[in-house]
Amino acid sequence: MSDFLAAQDSAGHEHAQPRSDQNRSLWGDVRYELMRNPVFWVSSVLVLVILSMAFAPQLWAETSPTARGACRLENARVEPSAAHPFGYTNAGCDMWSSLVYGTGKSVIVAILVTIGTVIVGVTLGTVAGYVGGFADTVISRVTDIFFGLPFILGALVFLAIFPDRNVWTLTAVLTMFGWTSLTRVMRGSVISTKQKDYVDAARALGATNFFIIRKHILANSIAPVIVLATIGLGAYISAEATLTFLGVGYQRPTVSWGLLVAEGQNLALAGFWHLLVLPCAFIVVTVLSFILLGDALRDALDPRAR
Amino acid sequence: MGRYVARRLVQFIPVILGTLFLLHVLSVLTIQIVGDPVRALFGENAPPEAILEQLRANYNLDDDCLEQTGNPCVRLFVDRLAQYASGDFGINFRGRSVAELFVERFPVTVRLTVIALVFETVVGIFLGVMAGLRKDKLVDNFVRFSTVLLIAFPVFVFGTLAQLFIGLELGLPLRDSERAPEWLGQMLTVTYNPEFPWLSLMLPGLVLGAFSLAAIARLTRTSLIENLRSDYVRTARAKGLTSSRTVGVHTLRNSLIPVVTYIGIDIGLLLGGALVTEGIFNIPGVGQLVFLAIQANDTPVILGVVTILTVVFLVANLLVDILYAALDPRIRYE
Amino acid sequence: MSADMTETEQVTEDTGDDVVLEVRDVKKHFPLTRGIVFKRTVGHVQAVDGVTLQLERGETLGVVGESGCGKSTFGRLLMGLERPTAGSIKLLGEEMAGLDARGLRRMRRNIQIVLQDPYSSLDPRMTVGDIVGEPYDVHTDVVPKQDRRKAVQDLLDVVGLNPEHINRYPHQFSGGQRQRIGIARALALRPKILVCDEPVSALDVSVQAQVVNLLERLQDELGLSYVFIAHDLSVVRHISDRIAVMYLGKVVEIGDEMEIYEHPTHPYTQALLSAVPVPDPRLRGHRDHIVLEGDVPSPANPPSGCRFRTRCWKAEDVCAKEEPQLVVRGPSGHLSACHFAEERDVIHAIDIPTSAADDDGSGDPSPGSVAPGPTA
Amino acid sequence: MRIKTHFRVTAVAAAFALGLTACGGGGGTTDDPGGNPSGEPTGEPGGSYSADLTEPTFLAPASNCYESECSAVLKMVNDPLVSTDFETGELIFDGMAESIEPNDDQTVWTVTLKEGLMFHNGEPVDSDAFLRAWNYSQNPKNAQATAGFMARIEGAGKGPEMSGLKAVDDQTFEVTLSGPFSQFGQQMSYAPAFAPIAQECIDDIKACNESPIGTGPYQMDGKWMHDQGITVTKWADYQGELPANADTIEFKMFTAPTAAYRDYQNGGVDVLNVAPEIYLEAKGELADAILEEPTASLTYLGFPTKEAPYDNEQLRQAISLSIDRELIIEKVLNGLADASTDIVTPPIPGSRDDACEFCTYDPQRAKDLLEESGVDPSSFTLELYFNADSGHELWTEAAARQIQENLGIDYELKSTEWAQYLELLDGEEFTGPFRLGWSLDYPSPENYLRPIVGTGGDSNYTGYSNPEFDDLVVQGDEAATLEESFELYAQAGDIALEEMPIIPMWSGTTAIAASDSVGDVRYDVGDGEIAFGEITVSQ
Amino acid sequence: MSEILTETERRSNKSPLSGVSFDGSAPLLEVEDLEVEFHTRDGIAHAVNNVSFTLREGETLGILGESGCGKSVTAQAIMGILDTPPAKVTGGQVRYRGVDLLQLEEKTRRHIRANKIAIIFQDALSSLNPVFTVGWQLGELYRKHAGASRAQAKSKAVELLDLVGIPGAPARINSFPHQFSGGMRQRVMIAMALALEPDIIIADEPTTALDVTVQAQVMTLLSDLQREMRLGLILITHDMGVVADVADKICVMYAGHAVERADVYEIYERPAHPYTKALLESIPRVDQKGQDLTVIKGLPPALVDPPPGCSFHPRCAFARDRCTTDEPPLYEVPGNRLSACHYWEEVLES
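Protein chains in written order, with this note's numbering: chain U, 975 to 1280; chain Z, 4 to 337; chain R, 125 to 500; chain G, 2 to 540; chain L, 9 to 358.
Just chain U, with the same shape it has in the complex (with noise of 0.2 Å):
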């Protein structure tokens, strides 16, 4: 090689300058562009409170309000005051401390819905855009299937199964009738991104289905389902306080925001405000994060928009 190389007159050519002097990958440009959005700082601050109660609820409340002795029933409902700003929820739980160590409940399940569907969608959509052919009616046809069938009622269906319900039952059900969208839009983005000059570009050079998969089709694609990803992650959170609603959600003694505000939709209009306002206040706020989360990520990840 070196000799070939060597043959090369490097003198007498001069070397093109590239255009731009920022040296920024296309990563880079997202992030550049993040970083000059507002709305993109304020949500992920928010993001990241909403994620350290959810996994370390101790830094945000002292006690659990499973803890033994930490609820008393004498305190039901008492409402917010300067000493607790939170008041109490309806079991005589401290209201700030259930909100805290709610927030896993409900915000895990939710991430863990969106890395599952993320996971199954990705690798179903690859499978189906880059193989086509049988493949992709197999599996097209089961997103059908699934798809075909309301989420709600196929959560309730499929709730009813499992009596314990629990983070695991809840992510599995979740993940079971959200993974078609994202099997959708990532077989498009395949498609797409397989036809373009740069694969077959690959394929010339002689690479193996797999190497063009996880070099080029992967990175290539992923972008509209991070997007959609992180937009689902706030649906799911409103989606367990539906399920809990409906009854098919979490159960007492678990703490989630879903019980909370499941719970305290009565009891508000009896004149306990506190009771709802302050779960659904984290809940939207948390929704709301998310959304514009992704909201930020789509707009920096589209170069039409810039």
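Note that these hints are calculated values from the structure, not bench results.
One thing to keep in mind: the hints can contain errors.
Computed list of chain Z residues with no C-beta within reach of chain G, every gap over 10 Å [claimed, not checked]:
#1 R99
#2 L164
#3 D234
#4 Q291
Derived list of chain G stretches under chain U, where covered just means 3 residues or more per stretch with a C-beta under 8 Å from a C-beta of chain U [unchecked claim]:
#5 327-339
#6 388-401
#7 506-513
Selected chain Z positions facing chain L (Cβ under 10 Å, derived; list incomplete) [to be verified]:
#8 R59
#9 S89
#10 P110
#11 S149
#12 L231
#13 R232
#14 V236
#15 G243
#16 H253
#17 N257
#18 T264
#19 I311
#20 L330
#21 D331
#22 P332
What you are looking at is a predicted structure, and each value in this text was computed from that prediction instead of being measured.
No residue lacks a Cβ here, since even glycine has one placed at the ideal position from N, Cα and C.
Assemble the complex: chain U is given as a structure, and chains Z, R, G and L must be docked to it using the hints.
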């Protein structure tokens, strides 16, 4: 076009069979894991075994495979398919024909869905267009924020608030008033009223459509902004057309293509997902029917109704696809 | 030369030791399917339909034709990106059609491609170094890992890019520079043959020459053979030694650059050449102006006999019945597939009156009558 | 008579409910059975009003009705055979029976019907109408929900006709029981199970279910509008004694109690069962306008008495003592219950208000007893079972927390679907205390004691068996007078309350709201229902 | 050319412009010192700087330049269809028959478009609305500008398609753009531009995406129509061959500047600007073999951050120090030409 429809129809078959089988397996598992739904009809006071057995036989729940956890009971599935093929969707635990139940409730849900669809489409597209035309302006940010809020609020909270503040605070005085027209009061009702089958579904329809309204507004906005940048909009301007015509005729129709796709999906979500709204506003619709059936492990209803719903959903999707083809001639002549 | 000369004879005639690529009667038909449940084939798009040609060492073969004539598919066939429906492609004497995946991979070290679109042919998420070094990731035995960076930088230097820009991303480069990156990637495995599929058509005029010159220099320095596929006949003429003119999946005329441009015998070639504008206003109205009617027919349903007859002003009954063979016709001695092959100079000014009086005969748009011949 | 089946609880209310069970309970006021009117009595008959209801299961045959929703309607449409006075436990012949006479050993019962009774369609109500209905009901082929009520009759559940049922003449029939049973008369006051059936109805049960042919003061006005409503109007030819003040009653169906309340606020419903989930809100708005009446529903915790450590009597007593029933009633049940003092709930004749020694909250005594028992509180985790989504989460958790706090026993809450819960019950597979409820089929202490605590009782899931107890109950059954039998039942109850296979928690209270346009709203003791027929409408 | 508009239509069509007094003796179009800026994230891009030219009846002006040189922006500025924001016309005049279009109300301006000045875009497929039939899109002009009925509009559309040589026009008006071939689509675009018989047609790269044979068809059609209808034609292209064939005058643009303006024969024979010269030398010719291609080194500058002085200096073989500081004015070159090069004499001689 005919070919396109035919192909879509043929694609239905495996999807419907698949959905049916999926449901079947889920319901079989429910019985196997959770327990005998017939026994659950009676409470702490267990009835004579002979009666339970008779009931199990009545509801086709006496197969041995229902005792073996994990057994998919394929034979039951085949029987059921044959039964469905003859138009028999079984009876529920109250001895009523599932098909009849569905027919009774379906019109209500359809009305609700139609109202929600019209509302979300009209308002959603309007908001989306407003936001898209004034990108990054106040209107845009307002629409953006409020739509996200609609998405973030769990529907049951939203429904209750609407019921209280619109239905009671606003609607009740109207209904009590001598001067206000009756239809106005009925539009702002708190519960379904069979005497006003459309008007009393207005408020629930709005609640039901709120989530999708947000989605449609956002979709329209994105799509409109994208299309406004397209060459043919430039052409329309070069043709000396007014800006309202440029947007209203040349951009909007193209922008609605993804919206129409979404609506196709949404029909399914609305049909099946209406149960929360139906519960809050006491609407005897299909969603509620299924929900109650799930609570009671009323397998024949779950299977029968969800099957019909799936078919309806698929048909709705087909119609949307045809509409899609009507909007986009490039699809039509494929 | 007799019209009944067989194809084999043509081939043997030209085959020499220096032939690096030998294509014989290669066809690529894409099936057209229809059906609701079961797909049935209702026809074929005859993208490439019996192309026979050779490429010699150090030679540049230009392939020209209108869009849809099959020239790009032909390029992909050469690369093994499409498997031919029939026919044989021999690369350095080895038949490609019979190769398994591994064999094909090995062969790909000898033939590489430069793609048309400098934007979509580079993965936007990879650095220039990764892109140019990708061949080494695929063929791991070519350059040891520790030497790869150096090899890539050398390659960048070869194509006239600053080796220090190895960590930059494609979007930071202009179209011309991207095309250089594409060329560097194609060169990494030291191929013998480069298939250039419209390598400059997406570039700005002022940059086009940079790339064309680079390709020429590389050919001289590395002894490459080029298959240069393009629709721009000016560029093709500039770079090619021999030219193949394709129409609807077939080669209609093939010969040395001088033969094709100065003495074209196939009406299609003549029409093509006459349509190329020349940047010299003095030639206005003084060139043979052939305006072809209509569009290229669908390759799924090509005309019988001579495929060009539907747009040809010379067409007679025989053209519909009998497909003209690609044989040597006329005095110039190159191959042409026309029953009525006849030389005609279409690129030069016809030396008649210098009066600038407007001609009004050029380009009568009414169908059937194509306005051949000089005007004024 | 509501609690028996959990249709409403499990199937409906759970979805939208977060409080307690949506239904009230059977039973009624212990005082003046003649009526305890609320609102402004108008006294004038006529007019129409509406009341909330959950979709019933079946309206015909009546023997398929085993829950409060259908019986509320059937109560209007059907006359009972006989009623029971809750004060004394004696039978009242305000229904179709002229008289009901047992033989000496309480095995053969003769029922004599009043003259001239007929169905809404004109068919006579004669012995055949009863034989037709009862035989249909007991036949397992027909799988009737109340078939169990026929179980004591000779030959029940064996074929199309029972050998123990014979018509003497058009007006008289004889019931032969397979054993002596002094409370059979009271049992027959559960109207739906013992209702007659018209020939037209049995010929086309499906049609009859949509529009039942009854014998009562009201008849169906049009068909059953499933999930929307049932309207009944006064039957002009009614000969019976039951009150029917309003001309029409519209029952409006609601699946969610909140929706029902919203419609009440909206003026769409006049008489409303205030469900627990909206009680606080309604109480805040309506205050004293809400009528609160005790019911006969018992909530209790059962122990797997054969499982260690729950086989220890003192531990069971200690657990019972460590639960602050009053606090839970106040904070969780919003006062809608009365702490238990007996296994038999207050409105039932023969119930006592001081029978349960270990039902009061006494943490110190609980600790002492635990120490005495020798059970190490840290050696096990108390697994507390309840059925999910039926509003039991909050109080079971509260109770478990109190046990933990007072006895130092850690807890784990176990909830399952109703069907699964029943399977666990049937298999006696619980590994810790479990929640259950009970309500009467007929107003007799026997109806509580035997099924729940008696050896092999239909609803005895504790594995508890005490021959002495069983013996006392049988003696009660055979006693010649009600008073004697109540005394014997009380002795049996004392044994159960000492050994505590179950710990009684509380009996329920129902809450009713009525609009200004209706009066004379009363909760009927015997029916466990609002006395719809008595309600008057201001015009 | 058939009489497309009736007299009544003509009158009604003129009415929105009745308040504007056009000077029939003034040149068809005069662009003077036109300046357009784009506000981008990276700063202000000066897309068009002091561009001036004149177009007379029956004349063809070629605007020649590479992508990004501002030629399309100039065209859209004349049409008044720039996206504002980000684009903004910051100076100059665009006079149609003596009336400065930039000063007119949007309503009036709208009527100038299509009625007086029409434009043909490069990519006909994306420039035609994919969801409407071609006939509908053509007819729309008559319906909206001339108040024609649907039937009238339809028959006019057929006439137009006939005029631009689309076979089977009566059937084809019901086709959608994607059902046409590239060349046919471009004919539709031309038909659309001609519909209201404008005085000026701006053709923005009308043949770039087309095959040479089709390009020849389209260019022939365009120049025939131009001649017949005495249109003022502005032909915007990067193809030096195409303009050489049809233009009367050439304006060469580079980095937003008009660097050279001259008669077509002069400019090809003896370019007076180094950029024009380099361009001519860098393109291969079909009628010559073996010519060496002169490479223009480097790349066109970014418009946000143009080099000081002459924007071409970093790539210019003639550049001196002065070029890096002084922006060259348009020097008058003998032969009624203009060149924005300090050393135009040197260029001319070389």
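* Give me the numbers of the hints this structure contradicts, sorted from smallest to largest. => 1, 4, 7, 8, 9, 10, 11, 18 and 19
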